[in-house]
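Residue numbers (the working numbering), protein chains in the order written: chain H, 1 to 307; chain U, 308 to 614.
Because the hints were derived from the structure by calculation, they are not lab data. Every value quoted in this text rests on a predicted model; they were computed, and no experiment measured them. Where hints are given, some of them may not hold.
[Unchecked claim] List of simulated lysine-lysine pairs, DSS-like, C-alpha gap at most 27 Å:
| no. | chain 1 | residue 1 | chain 2 | residue 2 |
| --- | --- | --- | --- | --- |
| 1 | U | K458 | U | K492 |
| 2 | U | K398 | H | K91 |
| 3 | U | K437 | U | K458 |
| 4 | H | K91 | H | K151 |
| 5 | H | K60 | H | K91 |
| 6 | U | K437 | H | K185 |
Each chain, written out:
Protein chains: 2
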Amino acid sequence: MAAPGQIALVGIGKIARDQHVPAIAASPDWTLAATVSRNGRIEGVEGFTDLDEMLAARPKIGTVSLCLPPVPRFAAAQAVLRAGRHLMLEKPPGATLAEVRILEEMARAQGVSIFATWHSREAEAVAAAKRWLSGREIREGRITWREDIRKWHPGQDWILEAGGMGVFDPGINALSILTEILPQKLRLISADLDVPENRQAPIAARLEFGGRISADLDFRQEGPQTWDVEFQTDAGHLALRMGGNVLEIDGTPAGGENSIMGEYPALYARMAELVRDGASDVDLAPMMLVADAFLLGRRNVVEAFAF
Amino acid sequence: MAAPGQIALVGIGKIARDQHVPAIAASPDWTLAATVSRNGRIEGVEGFTDLDEMLAARPKIGTVSLCLPPVPRFAAAQAVLRAGRHLMLEKPPGATLAEVRILEEMARAQGVSIFATWHSREAEAVAAAKRWLSGREIREGRITWREDIRKWHPGQDWILEAGGMGVFDPGINALSILTEILPQKLRLISADLDVPENRQAPIAARLEFGGRISADLDFRQEGPQTWDVEFQTDAGHLALRMGGNVLEIDGTPAGGENSIMGEYPALYARMAELVRDGASDVDLAPMMLVADAFLLGRRNVVEAFAF
């Protein structure tokens, strides 16, 4: 079968350089044929500053991958689909649920593939954790997702603005893992959102789900960072650490490796498969849980935050 | 075909007395066989204070209609479905999106009908408005939904608490009409939420949607109340007033009547049809737009509110 071929990357920031560009370079399926970015460029690749111009100039680029913050992403996604190209979206797939449903409908009407990616689901040990949990009875679950916003999003004010999702920008990765590995659907029972007095989006959140599952999300973690999912079951204790990359069963290493370098290659392999099959993959479950947290959450005003 | 038969009503408050009880009394399909409420009773109908007790004592009651606020509704809905009874839900169908999806799944597994009602969609002139708009090009739309919280929800603090949805409790009626009559899917672009300094949920909201459609929702309206939807199209002006009950085309009355007394009878007729057909009807679109408003909305702190 023919390789999916030429791909363009829109939004050349940290995540594009750290993950997307190396994943495409290592892929047997894809060639990075162009970039679109106001400031960023990748050496050896034709760089555009305007998306519509790139789409018009490079008709052989069949697929476009967007690495933009959620708010400006919709217009770009629409432009890609309107031009009849396949579309790959960084998480979260949009600023609102409605816009993702609109993109799905457009992709269907245009006969192209759309892939709303959840990179953490591709972490090394997620599939093994899912297999281990299947058939076991979960008695309690605890998610701890604590990272330093200054380290991972230096100066990115948009993340704490309305629509930026705040601590749910990383926290949605935990929710994408949970919704993948748990056999039952998750239901949010309560949410406490800590919002800095000078910001709109929460910098920390504590969530309670049905089935005695809770989550502690915090963007103010200095020093060691934690991305852990732990379950106590009727047949032992599972810990998924390092954002899904390391598995421990009853405290003993049981798989995975301490690296996230496999996540994006897996996403690009999956995108190639979707394009070959004429299929799409849009799962809104993690984003619906975030929307539920905003809908149901009690807001506490906390100390002002400055980068 | 056999009539759907005995129905129980859970939550005997204002909306149950004003709308549900008369609609059931007038229905050829239903007999009000029991009520469940801590304090409320309907004369001539057996009253229970505990739902599980009623479900156990009255096995011939095949359908249960819930008139409870969104937060306590889930446990009651689960109990109804677990007991293998058909379920009818007041709007909004839950406190979170996830819980509605869980109820849908339970109903499917139990082989019973679930109906997430949107009473405003049954207003007199909604269907006529939909027909009139179909094929016309909408140039601009304006929703004005202004009512007095003290008149319609006297002392109901829950409505302004976290999870109570605030002004979206009535506003979701407007969104249920919009999502019914518009040919295209609505996308929220921005939301401004006014939250009283002593409350958690917005008391007013201004929304901007794609396609030059905007909404002005306000719970602080004294004097005349307004529930209007207006569209300027390429072929005239449509106004749907009184919550969907009165239609005007280019300023001239074109149908409907100034009464909401037809909405609940239509819902109970539809529920009977769903039960007869072994079907369900759960449309999350209005609630997803509310969740989007909370997700994307900018919050402004406004004057404290007391009933």
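Taking the hints in turn, this is what the structure says about them:
1. With a C-alpha separation of about 33 Å, the suggested pair U/K458 and U/K492 falls outside the 27 Å cut-off, and the hint is violated.
2. At roughly 31 Å between alpha-carbon atoms, U/K398 and H/K91 are farther apart than 27 Å, so this suggested pair is violated.
3. With a C-alpha separation of about 30 Å, the suggested pair U/K437 and U/K458 falls outside the 27 Å cut-off, and the hint is violated.
4. Restraint check: the Cα-Cα separation between H/K91 and H/K151 comes to about 19 Å, which is no more than 27 Å; the hinted pair holds.
5. This hinted pair checks out: H/K60 and H/K91 have alpha carbons roughly 26 Å apart, not beyond 27 Å.
6. Distance hint between U/K437 and H/K185 is unfulfilled; the C-alpha atoms sit about 35 Å from each other, more than 27 Å.
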